[in-house]
Every structure is written in C-alpha cells, then in structure tokens.
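First to last, the protein sequences are chains E and Z. FYI, the numbering for the first sequence is 115 to 328, going by the numbering used here. FYI, the numbering for the second sequence is 115 to 328, going by the numbering used here.
No lab work stands behind these hints, which were simulated from the structure alone. Don't be surprised by glycine CBs; every beta carbon is placed ideally from N, CA and C. Warning: the hint list may mix true and false statements.
[To be verified] Which stretches of chain Z does chain E cover? Using the computed rule of at least three CB atoms under 8 Å from a CB of chain E, they are:
#, segment
1, 129–140
2, 178–189
[Said to hold, decoys possible] From the structure, some residues in chain E lie toward chain Z, with a derived Cβ separation under 8 Å:
#, residue
3, Met115
4, Ile117
5, Thr158
6, Ala160
7, Ala197
8, Val229
9, Ile258
10, Glu262
11, Met263
12, Ile264
13, Gln266
14, Gly267
15, Asn283
16, Lys305
17, Ser308
18, Ala312
[Stated by the list, open to error] Distance condition first, Cα-Cα at most 27 Å in a straight line; then the derived DSSO-like pairs of lysine-lysine:
#, chain 1, residue 1, chain 2, residue 2
19, Z, Lys225, E, Lys222
20, E, Lys202, Z, Lys201
21, Z, Lys202, Z, Lys222
22, E, Lys127, Z, Lys201
23, E, Lys153, E, Lys222
24, E, Lys201, E, Lys147
Protein chains: 2
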Amino acid sequence: MEIEIVKPQEIEKRSFEIIEEELKERGIVLPEKEVPITKRVIHTSADFSYAETMTYSPGAIEQALELIKGGAHIVTDTNMAKAGINKKTLARLGGQVHCFMADEAVAKEAKERGVTRAVVSMETAARLPGPVIFAIGNAPTALIELHEMIEQGAYVPAFIIGVPVGFVNVEAAKELFLDGDVPYIINRGRKGGSNIAAAICNALLYLASNNIRD
Amino acid sequence: MEIEIVKPQEIEKRSFEIIEEELKERGIVLPEKEVPITKRVIHTSADFSYAETMTYSPGAIEQALELIKGGAHIVTDTNMAKAGINKKTLARLGGQVHCFMADEAVAKEAKERGVTRAVVSMETAARLPGPVIFAIGNAPTALIELHEMIEQGAYVPAFIIGVPVGFVNVEAAKELFLDGDVPYIINRGRKGGSNIAAAICNALLYLASNNIRD
Numbered sequence: 115m116e117i118e119i120v121k122p123q124e125i126e127k128r129s130f131e132i133i134e135e136e137l138k139e140r141g142i143v144l145p146e147k148e149v150p151i152t153k154r155v156i157h158t159s160a161d162f163s164y165a166e167t168m169t170y171s172p173g174a175i176e177q178a179l180e181l182i183k184g185g186a187h188i189v190t191d192t193n194m195a196k197a198g199i200n201k202k203t204l205a206r207l208g209g210q211v212h213c214f215m216a217d218e219a220v221a222k223e224a225k226e227r228g229v230t231r232a233v234v235s236m237e238t239a240a241r242l243p244g245p246v247i248f249a250i251g252n253a254p255t256a257l258i259e260l261h262e263m264i265e266q267g268a269y270v271p272a273f274i275i276g277v278p279v280g281f282v283n284v285e286a287a288k289e290l291f292l293d294g295d296v297p298y299i300i301n302r303g304r305k306g307g308s309n310i311a312a313a314i315c316n317a318l319l320y321l322a323s324n325n326i327r328d
Numbered sequence: 115m116e117i118e119i120v121k122p123q124e125i126e127k128r129s130f131e132i133i134e135e136e137l138k139e140r141g142i143v144l145p146e147k148e149v150p151i152t153k154r155v156i157h158t159s160a161d162f163s164y165a166e167t168m169t170y171s172p173g174a175i176e177q178a179l180e181l182i183k184g185g186a187h188i189v190t191d192t193n194m195a196k197a198g199i200n201k202k203t204l205a206r207l208g209g210q211v212h213c214f215m216a217d218e219a220v221a222k223e224a225k226e227r228g229v230t231r232a233v234v235s236m237e238t239a240a241r242l243p244g245p246v247i248f249a250i251g252n253a254p255t256a257l258i259e260l261h262e263m264i265e266q267g268a269y270v271p272a273f274i275i276g277v278p279v280g281f282v283n284v285e286a287a288k289e290l291f292l293d294g295d296v297p298y299i300i301n302r303g304r305k306g307g308s309n310i311a312a313a314i315c316n317a318l319l320y321l322a323s324n325n326i327r328d
C-alpha cells in the first residue's frame with residue numbers, strides 16, 4: 115500500500131470525503147443535521163456501525179448548540195475525554211470543561227460510601243452553577259446516577275451525551291434516557307468511549323463556532 | 115433491559131468474563147500471551163474485530179515488558195492517550211509519559227516547515243535519553259516519520275505501539291513496520307485510536323507490575 119502525499123491541513127478534509135463516499139456505497143443516508151456529528155464519530159473510530167446506532171432526541175443538535183453558544187459548561191467522566199475536547203474553542207464560546215473523577219475528595223467519598231467515583235462526580239457536577247452538558251464516554255454508573263437524580267427531582271442535566279462503552283450495564287444505562295425529557299445524543303449499544311464523547315463535543319463546538327477553530 | 119447489580123470493583127472482572135465468553139462463541143482463540151492485551155483493547159472499544167487485526171511481532175510482549183520494567187519512557191502522539199495511561203503505575207516502574215504535540219515550539223516549527231506537528235514531535239522524542247516506547251494512536255505521519263528516521267539511520271525506536279485510526283495513509287503507515295526490525299504491537303487496518311493506544315500501554319503496565327495498580 116502506497117503512502118499518499120496529502121498536505122497536513124488536507125488530511126481531515128480528505129478523510130471526511132472518504133467517509134461520505136463509503137456511507138453512500140453502504141446506502142446510508144444520515145439526517146442532514148446529524149451528518150457533521152456522526153461523520154466525526156466515524157472519523158474518530160473508523161467504525162461505520164456508528165451510522166446505525168447514533169441516536170438523537172428531537173431537536174437535540176439545535177438545543178446543544180444553543181447551550182454551547184450560551185457558555186454552558188461540559189462535564190466529562192474521564193480525563194481522556196477532557197483532554198480530547200477543543201478547550202480553546204470552548205473557552206472562546208464562554209464554556210469550560212470539568213472532570214471530577216480524579217479528584218482526591220471524590221475518590222475518598224466514593225470509597226467510604228462503596229459507590230463508584232462516577233456517582234460522586236455526577237453529584238459534584240450537579241452543584242455547578244448554570245446549565246451543564248454531560249459527556250459520558252466511560253461510566254454507565256454516571257448515567258445511572260444522573261437518571262436517579264432526575265427521578266428524585268434533585269437535578270435536571272441540560273443535555274446528555276451518552277456514549278459509555280462496555281459490557282456491563284452500558285446498554286441499559288443508555289436506554290434509561292431514550293424516552294426521557296432531557297435532550298440527548300446517545301450511541302445505542304455497547305460501543306462508545308472517551309474518544310467518541312470528545313468527538314461529539316468537538317463536532318458541536320465546530321458547528322457552534324462556524325468551524326473557526328482555535 | 116435491566117440494570118445488573120454489580121459492585122464497582124467487580125465491573126471490570128465481569129466485563130472480561132463476557133469478552134472471554136463471546137470470543138469463545140465466535141470461535142476465536144487468541145495466542146495466550148496476547149490475551150490480556152487484545153482483551154483490554156476489546157474492553158475499551160466493545161469491538162471484537164480487534165481480535166482479528168491486532169498484530170504482534172515475535173516476542174513483542176516480552177520485549178515491551180522488559181523495557182517497561184527497565185524504566186523506559188512512553189511517548190504518545192496525543193494528550194488523550196497520555197491522559198489515559200496509568201501514570202502512577204508507570205512511575206512506580208521508573209517511567210514517564212510524554213506528549214510533545216501541544217508544545218508551542220513544536221507547533222511553531224511544524225508551521226514553518228510545512229510538516230505536521232507529529233513529525234516535529236517524533237524528532238523531539240528521538241532526543242530523549244534512554245529507550246522510548248512510541249504509542250501512536252492518532253497520527254500516521256508520526257509512524258511515517260519514525261520509519262524515515264530508521265531508514266536514514268538517524269534513530270531506532272525501542273518499541274512501536276502503532277494504532278493510528280483513520281482513512282488517509284493509516285493502513286500504509288502501519289504496514290511500513292510489519293516486516294521491520296523494531297518490535298511492535300500494531301492494529302492492522304483503519305481502526306485504532308488514542309483510547310486503544312492507552313489501553314495497550316495499560317495492559318502492558320498491569321502485566322509488568324503483576325496487576326498491582328496504583
């Protein structure tokens with residue numbers, strides 16, 4: 115296989131063209147608004163199965179963009195997802211990204227209570243002022259905890275990006291939100307990950323800033 | 115779908131059991147030494163196709179473990195991969211993880227020379243003292259640059275974890291190393307990612323430290 119000579123700045127453009135061609139070959143037509151987000155997820159994973167499992171609540175993208183343009187903060191459940199989000203673009207729009215998972219206090223409280231750090235992290239996130247977009251790429255327990263807080267009337271997340279990956283409770287945790295009132299972008303099934311959570315956030319950030327990246 | 119009641123510390127164990135069961139159902143038998151690494155990659159991606167594309171040079175795992183136990187440093191091509199690596203376990207073994215991609219000086223030089231930041235990052239990494247394990251989850255140009263340095267006799271990486279993801283030059287860049295002299299763990303094909311690079315590093319770290327995690 116030959117190395118193609120492609121200028122650095124052209125690589126992403128060429129990649130998205132290839133994804134578009136292959137989606138066509140597979141007979142997959144994505145709803146227009148979802149295209150930039152689902153395509154970026156495929157770009158991040160080289161996995162076209164996401165075209166069939168990425169699920170958006172009605173009006174999800176408009177709501178997410180409105181939140182981001184309004185300076186909403188993003189809370190992730192891993193430092194990996196936090197590292198992958200374009201923080202300069204987010205800051206220009208007035209937002210910040212937080213991850214409480216590695217905080218000493220969170221670890222200590224989780225141990226004492228016999229719960230996951232994800233549970234304590236979500237409770238911490240719920241105390242942030244202003245609307246929060248939750249980008250969950252790892253811990254189904256984070257989604258389960260958020261759902262419990264909603265059920266108890268204790269908290270309502272502004273938006274859920276629900277893409278944990280895995281084999282235990284991951285599918286069930288995602289399903290909790292499919293018929294709920296909180297707007298969401300969820301990848302049904304087992305797949306997802308911190309990289310997918312970051313890719314979705316970045317796709318939204320680029321849309322919100324008209325593709326002007328810092 | 116019901117939420118299963120599983121204690122936090124049991125989730126990973128149960129996940130690996132499910133992966134083992136499903137590998138069996140699919141009739142996939144992995145070489146014994148590769149099991150903990152390939153399984154962790156599947157755990158990170160929920161994608162069983164990795165069982166068919168993960169490729170190890172002869173003796174790769176023994177060589178990687180020897181390097182890690184000897185305090186070798188790890189260089190990643192993204193801050194996401196760096197964020198995902200268990201740095202406490204690595205530090206206990208004497209190593210450190212570096213990523214030069216976001217360095218101001220690297221960005222400046224790349225722009226001036228019209229090359230990717232990955233190229234300049236690899237040159238910077240080559241100047242580190244001691245053996246370096248390269249964990250490349252994103253940039254095929256990083257692999258291409260390393261290969262060029264080897265060809266020119268300028269540098270020999272101690273070990274390559276080659277799992278960039280994508281559509282342009284990714285497969286070709288991986289193929290450059292398949293018949294070379296540098297020991298490697300490579301995922302053939304388009305798939306991979308920062309999360310996969312981190313998962314492979316962590317699997318090796320856990321093996322090197324007899325599963326004692328910090």
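These are the hints, each one checked on the structure:
no.	hint	result
1	129–140	holds (count 3)
2	178–189	violated (count 0)
3	Met115	holds (4 Å)
4	Ile117	holds (5 Å)
5	Thr158	holds (7 Å)
6	Ala160	holds (4 Å)
7	Ala197	holds (4 Å)
8	Val229	holds (7 Å)
9	Ile258	holds (6 Å)
10	Glu262	violated (10 Å)
11	Met263	violated (15 Å)
12	Ile264	violated (15 Å)
13	Gln266	violated (16 Å)
14	Gly267	violated (20 Å)
15	Asn283	holds (5 Å)
16	Lys305	holds (5 Å)
17	Ser308	holds (6 Å)
18	Ala312	holds (7 Å)
19	Lys225(Z) to Lys222(E)	violated (45 Å)
20	Lys202(E) to Lys201(Z)	holds (25 Å)
21	Lys202(Z) to Lys222(Z)	violated (31 Å)
22	Lys127(E) to Lys201(Z)	violated (34 Å)
23	Lys153(E) to Lys222(E)	violated (39 Å)
24	Lys201(E) to Lys147(E)	holds (23 Å)
Violated hints, listed in ascending order, are 2, 10, 11, 12, 13, 14, 19, 21, 22, 23; each of the other numbered hints is respected by the structure.
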